[in-house]
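Each chain, written out:
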Amino acid sequence: MWYYEKKLQYPVKVSECNPRLAKYLIEQYGGADGELSAALRYLNQRYTIPDKVVGLLNDIGTEEFAHLEMIATMIYKLTKDATPEQLVEAGLGPHFVNHDHALYYQNAAGSPWTATYIQAKGDPIADLYEDIAAEEKARATYQWIIDISDDPWINDSLKFLREREIVHSQRFHEAVEILKEERDRKKVF
Amino acid sequence: MTQQKQMPDSYYQLLEQIQAVDFVLVELTLYLDTHPDDLDAIKQFNQAAYESRQLKNTFEKQFGPLMQFGQSFSNYPWDWKEAPWPWQV
Ligand SMILES: [Fe+2]
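From first to last, the protein sequence lines stand for chains A and B. So for the first sequence, full-length UniProt numbering puts the first residue at 1; every next one is plus one. So for the second sequence, full-length UniProt numbering puts the first residue at 1; every next one is plus one.
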């Protein structure tokens with residue numbers, strides 16, 4: 001089971017109400033390479049991955065939920081004081097008429113989250129390479145959001161998340177090596 | 001709609017100390033998942049786990065429970081459900 005802890009993994013502050021930036025950040029909330037996809041991808045794969053790397057998938061999957069909460073906090077804080085007019089101006093008019101100020105699992109273009117974003121091949125190497133690719137894509141997305149954001153507080157939190165993707169990718173690379181080693185050892189004996 | 005809560009400076013300072021130590025713990029956990037024989041890292045992990053507990057005890061005495069389902073003790077009245085939630089501070 002999981003226990004909730006009443007704190008964010010890393011502080012999230014915003015400079016000012018900025019619904020346009022929130023609209024871009026939704027990509028990492030309910031987009032293909034976003035945090036929801038990441039959490040669900042790893043936690044789902046862990047049932048059929050070899051024991052040697054279950055712990056890693058379990059723990060990275062859990063950390064992704066902490067990242068999801070950070071992204072949600074950014075979106076919430078950037079939009080909570082926005083008027084309907086400001087939301088329309090930021091391109092969030094279609095969101096407003098459906099959801100008011102509520103968050104929703106969709107990408108920046110408004111497509112709802114779908115399980116087709118994540119894979120589970122049952123082949124450990126295939127699954128881990130999918131995970132590595134997912135981390136690299138998330139890292140790239142964070143970089144592009146940082147490139148178009150001028151909120152220094154948000155950028156500080158986004159840089160933390162970008163660095164986490166790099167670490168996750170590194171750990172998944174190591175997991176591949178661990179499984180390859182094990183496979184080769186079985187062949188020898 | 002919920003309001004943003006202005007908490008005392010000590011809340012943010014303590015919370016940041018906890019976030020820093022807990023980050024070390026997350027990082028070491030993932031590292032140890034793929035390097036289970038690194039004794040130095042395990043020593044660092046246990047040291048950080050101890051520091052995290054100490055900091056959380058101090059924090060919870062002032063600002064209420066951090067965790068639910070019995071992982072933190074409750075004050076009277078029940079204060080787990082009290083704001084602020086993490087996205088409100
Ligand atoms: Fe990640």
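If you're looking for bench data, these hints aren't it; they were derived computationally from the structure. It should be emphasised that the depicted structure is a prediction, and the values quoted were computed from it without experimental measurement. A few of these clues could be false.
As the list claims (entries may be wrong) - Straight-line C-alpha distance at most 25 angstroms; calculated BS3-like pairs for lysine-lysine:
| # | chain 1 | residue 1 | chain 2 | residue 2 |
| --- | --- | --- | --- | --- |
| 1 | A | K80 | B | K61 |
| 2 | A | K13 | A | K121 |
| 3 | A | K13 | B | K5 |
| 4 | B | K5 | A | K80 |
Stated by the list, open to error - Quick list of the computed label-pair ranges, beta carbon to beta carbon:
| # | chain 1 | residue 1 | chain 2 | residue 2 | range |
| --- | --- | --- | --- | --- | --- |
| 5 | B | E16 | A | R185 | 40 to 46 angstroms |
| 6 | B | D38 | A | R185 | 34 to 40 angstroms |
| 7 | A | P50 | B | P8 | 44 to 50 angstroms |
Unchecked claim - Chain B stretches covered by chain A per the calculated footprint, using a threshold of three residues with CB under 8 angstroms from any CB of chain A:
| # | region |
| --- | --- |
| 8 | 40-46 |
| 9 | 67-75 |
| 10 | 80-88 |
All C-beta atoms, glycine included, are put in the ideal place defined by N, C-alpha and C.
Evaluated hints:
no. : hint                               : result
1   : K80/A / K61/B                      : violated, 31 angstroms
2   : K13/A / K121/A                     : violated, 39 angstroms
3   : K13/A / K5/B                       : holds, 13 angstroms
4   : K5/B / K80/A                       : holds, 14 angstroms
5   : E16/B / R185/A: 40 to 46 angstroms : holds, 45 angstroms
6   : D38/B / R185/A: 34 to 40 angstroms : violated, 21 angstroms
7   : P50/A / P8/B: 44 to 50 angstroms   : holds, 49 angstroms
8   : 40-46                              : violated (count 0)
9   : 67-75                              : holds (count 4)
10  : 80-88                              : holds (count 3)
Comparing the model with each numbered hint stated earlier shows that hints 1, 2, 6, 8 do not hold.
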